[in-house]
Amino acid sequence: MPYIGAGIQRFNTADGLTVNGNAEVTGTTALTGNTTAAGTLDVTGAITSSAGATITTADNNPQLVITSTDADANPGPEIELFRDSASPAADDALGQIQFKGRNDAGEELIYGEIDTSIIDPTDGSEDSEMRLLVKRNG
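Counting in my numbering, the final residue of the sequence shown is number 1596, and the numbers go up one at a time with none missing.
What the hints contain is simulated information worked out from the structure, not anything from laboratory work.
Incorrect hints may appear among the rest.
[Unchecked claim] Below 16 angstroms or equal to it, Euclidean Cα-Cα: the simulated EDC-like pairs (lysine to aspartate or glutamate) are:
1) Lys-1593 with Glu-1571
2) Lys-1593 with Glu-1565
3) Lys-1593 with Glu-1566
Build out the structure end to end from the sequences listed, making use of the hints.
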């Protein structure tokens, strides 16, 4: 197993690298391939992903908790769904939140949905629509 110690800054190995205890990395670290973290991953700063993210748990605890600890009167925490289109147009969908579950036949269904779309993107007269949808009678 490779060892990185006094003055060693770079290594190549086909065996991988195992770190027992604490490791501190300063600067940019590029991880290619799959990375597994057992336990808590504590990140100070932003997390940016160019692909989607999936959070899976096997219990009924919250899968995502967003906490704001500031003490001012401004809103927080916030969730922003931003559609960054180069050519916004009427009837463009801006975002959607789906509430899914299974029926008694094991089929996946959308039981509820929140949709927002642009009605008019014209500067100075912007209009939008938000729809709340629920499934009724199949």
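Hints versus structure:
| no. | hint | in the structure |
| --- | --- | --- |
| 1 | Lys-1593 with Glu-1571 | holds, 9 angstroms |
| 2 | Lys-1593 with Glu-1565 | holds, 14 angstroms |
| 3 | Lys-1593 with Glu-1566 | holds, 13 angstroms |
Checked against the numbered hints above, the structure breaks none of them.
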